[in-house]
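J.: Here are the chains, one letter per residue:
There are 2 protein chains.
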Amino acid sequence: MAVSKCTRLSGPLIKQLLDSVDNVLFDCDGVIWRGDEAISGAPEVINLLKKTGKGVYFVTNNSTKTRKMYADKLAKLGFNATEEEVFGTAYCSAMYLKSVCKLEGKVYLIGSNAMRQELEKVEIEQIGVGPDHVSGTQFDWANVALDPEVKAVLVGFDEHFSYMKLNKALQYLSNSDCQFVGTNTDTRLPLEGGKAVPGTGCLVKAVETAAQRQAQVVGKPNRFMFDCVAGKFNVDPNRCLMVGDRLDTDILLGSNCGLKTLLTLTGVSTVADAETHQKSGCPVRQGMVPDYYVDSIAELLPALQG
Amino acid sequence: MAVSKCTRLSGPLIKQLLDSVDNVLFDCDGVIWRGDEAISGAPEVINLLKKTGKGVYFVTNNSTKTRKMYADKLAKLGFNATEEEVFGTAYCSAMYLKSVCKLEGKVYLIGSNAMRQELEKVEIEQIGVGPDHVSGTQFDWANVALDPEVKAVLVGFDEHFSYMKLNKALQYLSNSDCQFVGTNTDTRLPLEGGKAVPGTGCLVKAVETAAQRQAQVVGKPNRFMFDCVAGKFNVDPNRCLMVGDRLDTDILLGSNCGLKTLLTLTGVSTVADAETHQKSGCPVRQGMVPDYYVDSIAELLPALQG
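Which chain is which? The protein sequence lines are G and F, in order. If you count the first sequence from 1, position 228 lands on 227 in numbering that gives the first Met the number 0, and the numbers rise without skipping. If you count the second sequence from 1, position 181 lands on 180 in numbering that gives the first Met the number 0, and the numbers rise without skipping.
Worth flagging that the hints you see were computed from the coordinates, not collected in a lab.
No distinction is drawn between identical chains; accordingly, a pair holds when it is met within one copy or between any pair of copies.
In the BS3-like style, the derived pairs of lysine-lysine whose C-alpha atoms are separated by at most 27 angstroms in a straight line are:
no.	residue 1	residue 2
1	75	231
2	194	105
3	231	53
4	150	194
5	278	4
6	50	67
7	231	50
8	49	72
9	14	53
Keep in mind that this is a model prediction, so the values were computed, not measured.
So that you can see chain G by itself, here it is in the shape it has in the complex:
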């Protein structure tokens, strides 16, 4: 069906695409909502997709919310969705530590309360959440008290990130048996009006530089996020569509997993960005070129109502 990449999705092509899939994965921020407001038409699209029998799942690199918090926000904005349909990196990191790392021990967590809650739900003990200011001298920092039960360092978004946290991560990771996991590598959190604040990728990079080790990254574009969905629900990659606003996370995840991909222009990336990747001749960057694009997912609405 798809003849060339980066095609504007319109007319009869919309229904053709939707008929060709059983499951649709949506990124959240910049796709179904922006900040605290739903993208106009997005709740109708999601709710109609589910009504026609499609599986709909929410796949986000944001590590600051539990599944429950996402489900509450979805409900409030008019989306028909359950906790089990949400896959954020707070939840997926806990799953990763449990199922891939087979962690037996505690986690030193640079992250949020939401991450703490998701770890607790799978019975992983953690330490580290909240402010941790520096005191003393270099000697004190190098000899800071460590918990011998810590067997992994997990780095997610943490507005209390500090030199002391960076130092503790280094001290734990100096033990080569200590595992090193990051939620995602997004370098910035984009906000309304073109502004942005530093993202988790900055914190992961600082810890990687100190530890002289590379983190295992759970979030998109790592296929683990898709595996989490596919492990719980019956998802055939050939009949699955990934919808997102970022080429380097959402679209690349889709390509990595053999999904169909749809870029929506209500968020970070542009068609020009996609065309630059397409022309690059670089195989990795080809994976960032979506099959289709729309101005907004509201454009799917007529085909669903028809």
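Given the coordinates of chain G, work out where chain F should sit on it, guided by the hints.
T.: The following block gives chain F in isolation, referenced to the frame of chain G:
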């Protein structure tokens, strides 16, 4: 005279090498002292070099001390040295902003009180030193109050590094007219007993990742450190020796500037490290192979006393 690289310096070769130079640059930590103790024999070596008429200068990537603080420490440990002979990155960064960046405006400083003092000495105003904890929401962070007179971000060692500092650096650097300078990229500060704490390189990397820009790095191996010395004193690179314990900073600086290079084994790097670089076939890594090595600079003593 030098026939092959990475030669053990001994016997008559020592006097030959010393006779072939007029100036000697020494790194400090791991070379002339370790922590708060002089390397045995190092003060005698430095003092005799000066007595025989050599210029001796101290070139360090450490940004936590002013020239005055270094001169005091040198005197206390028995080294015959003046403030003017010390070139640390706190001082050199101030010089860099003044002479290379031609800065007209304030600096947002992620760094130490010592850096503040060196900036003040060259009449550059700065803000940012000391703790800066986070509060509020993402919206508050993105709209944090900025000083419109800030025209450069300078990142050095700062144990008060925090998410809020990272965020402010990002906000300033979103203006492409704002210059971006780092003192050095050493990833760790090594301490006695094989321990280490995170170095300035981790902080620079975090800010680079957030800002999606690369810092101009003042410290070794950037030749600006040598230019600082050569700009003040009469130094012929062909008749100058660089002595250090790190291949990737000290020895590479020497190679970059056409100096003779001597690795001392009282610090970070080993002869095996140097041999690995030598065998790599990579041109950049060849620059990290010293001309000579000694176990300790104390081995220069007999040739100076003779």
